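Trainee: Each chain is listed here by its residues.
Protein chains: 2
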Amino acid sequence: MSFKNETVSSFLDALASQASTPGGGSAAAVMGSMGAALVSMVCNLTIGKPKYAPVEAEVKALLARAEGLRAALLDAMADDVRVFDAVMAAYGLPKDDDAQKAARSAAIQSALREATDVPLACARLAAEVIGLCRATAEQGNVNVVSDAGVAVLAAHAAVRSAALNVYINIGGIKDAEFAGSRREAIEALLADTARETEAVFELVKAKLSGH
Amino acid sequence: MSFKNETVSSFLDALASQASTPGGGSAAAVMGSMGAALVSMVCNLTIGKPKYAPVEAEVKALLARAEGLRAALLDAMADDVRVFDAVMAAYGLPKDDDAQKAARSAAIQSALREATDVPLACARLAAEVIGLCRATAEQGNVNVVSDAGVAVLAAHAAVRSAALNVYINIGGIKDAEFAGSRREAIEALLADTARETEAVFELVKAKLSGH
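These protein sequences, in sequence, are chains A and B.
The first sequence begins at 1 in my numbering and counts up by one.
The second sequence begins at 1 in my numbering and counts up by one.
Excised from the complex, chain A in its bound form (with noise of 0.2 angstroms):
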């Protein structure tokens, strides 16, 4: 199921209610999305006006860059669901004697496996969002750099918060050089994303302050 075509409102009231789906990864994904859409706002505030013609080319760049993470990260949510899914299903499968016991085993590290890249993934994304920022509140609409802020912001906050749902499926999985991998790779993005985003965000300020 995909809940980028229900109302906000429904979504908040999916989010909220004792169904597990759609969760935190889908906060994740939604947040993601929500940055990618501030830096496109910027971009096209910023494109067409002669003041700003200098860095058009740039601008247009950057534009093209997020409107793909935008519907990238809303294709995340859809993933997120559907992978959460699977590892529900793989733990419901039966196991009755020793071959069950055994292909329900196999059918959960499949499961968590998925359900560990696929927030990874939506960590990559949302990492990607971030790198635009700096050059979007250096080169965009001064008017509208709060937005670049914080465009950075809800990125930071989903790459984060797809960092705890890699860290909850790893916990499940028992071959440990995938899940050494994974939670370097989540790690490098945490560290790299951290110093990135309060660099921007400073900048933000400081140019807010400027005015």
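Fair warning: there could be bad hints in the mix.
The list cannot tell twin chains apart, which means a pair is met if one copy fits it or any two copies do.
Calculated cross-link-like contacts (lysine-lysine; reagent style DSS-like; alpha-carbon spacing at most 27 angstroms) [as the list claims (entries may be wrong)]: (1) LYS174 x LYS207; (2) LYS95 x LYS49; (3) LYS205 x LYS49.
None of these hints come from the bench; they were simulated from the model.
Predicted, not measured: the structure shown is a model, and the values here were computed from it.
Chain A is already provided as a structure; the job is to place chain B on it using the hints.
Mentor: Okay, now just chain B, sitting in the frame of chain A:
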């Protein structure tokens, strides 16, 4: 106009468009509302489970507070659009003679005060959501503790995003006492919520590693 009845996908389209509203202020309100919704989700997946009977009364109280905040933050989205549009309308007033200039300036100052207090109120609501997250992570169903973590991250992104909207409007306010008191208020909120968010994030990570 209220965007809560738009689909998630249309809301993101509107956010990305060159229309000035919805913008970062609305995104802040939605993130805060998502944080509250995730607190509710954890509570809803805890209430009624025998294992959690000893904390059921507390969790029911958390749920009631989260649901109130979720609704208030969704309303904050409409407030954001309204005050932003009011600021734009004030700037658009005629300024052909001194009387018009004085009236326009007064209208701008009045609109900017409201456009400062509305995101400040949004930040306070999101900070209240953060205030629920530690108890949610500690007492809620441990199987969904990652959702309590996403809740605090979404709410914190909301506080910081709303803060940028406070700063941008304070910048145009001539009443130094008003501006100073709001700057102090938002900076106190930023400091308190940053500490609490990191503490809850680490608590959630520790619980996930203990799985």
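Trainee: Now look at each hint and say whether the structure bears it out.
Mentor: Structure-based check of each hint:
With identical chains, the CA atoms of LYS174 and LYS207 are at most 27 angstroms apart between copies only, with a shortest distance of 18 angstroms across copies and 49 angstroms within one. Taking CA atoms no more than 27 angstroms apart as the test, LYS95 paired with LYS49 passes between copies only; the shortest distance there is 24 angstroms, against 65 angstroms inside one copy. In this assembly of identical chains, LYS205 and LYS49 lie within 27 angstroms of each other by CA distance solely inside one copy; the values are 23 angstroms within and 46 angstroms between copies.
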